[in-house]
Amino acid sequence: MSMAATPFWRSVVAHNGHPDDIGRLLAEFYRRLPHDAHLRADHDLDRLGQECAMVMRRIDRYFDGQGAQAQDL
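Take the sequence shown: its position 70, counting from 1, is numbered 70 in our numbering, and each next residue is one higher.
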């Protein structure tokens, strides 16, 4: 299962609101990790954060487009 689907990751996103500020999101993610976990997986966590932010931006664009289509009706 992808880590992005875990309750831990969802709680980080929910705590930070909209994850456009990936730096703030990753800082909160690192804060919640065990003390030395980020040293072992720094590259993977950065990539995960970037991928999650990209997916959430796509979702926002989709819903923004749906709103524009609804106004056209």
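Everything labelled a hint here was simulated from the structure, so no lab data went into it.
Be aware that a few hints might be false.
[Unchecked claim] DEER-style ranges, computed between Cβ atoms:
| # | residue 1 | residue 2 | range |
| --- | --- | --- | --- |
| 1 | 32 | 65 | 30 to 40 Å |
| 2 | 63 | 35 | 33 to 43 Å |
| 3 | 27 | 58 | 35 to 45 Å |
| 4 | 27 | 60 | 35 to 45 Å |
| 5 | 35 | 62 | 33 to 43 Å |
| 6 | 31 | 61 | 21 to 31 Å |
| 7 | 44 | 24 | 16 to 26 Å |
| 8 | 27 | 55 | 32 to 42 Å |
| 9 | 64 | 35 | 36 to 46 Å |
| 10 | 33 | 55 | 32 to 42 Å |
Quick caveat, the model's predicted, so the values are computed rather than measured.
Built from N, CA and C at the ideal position, the CB exists for glycine as well.
message: I'd like to know which numbered hints this structure contradicts. Please list them from smallest to largest.
response: 3, 4, 8 and 10
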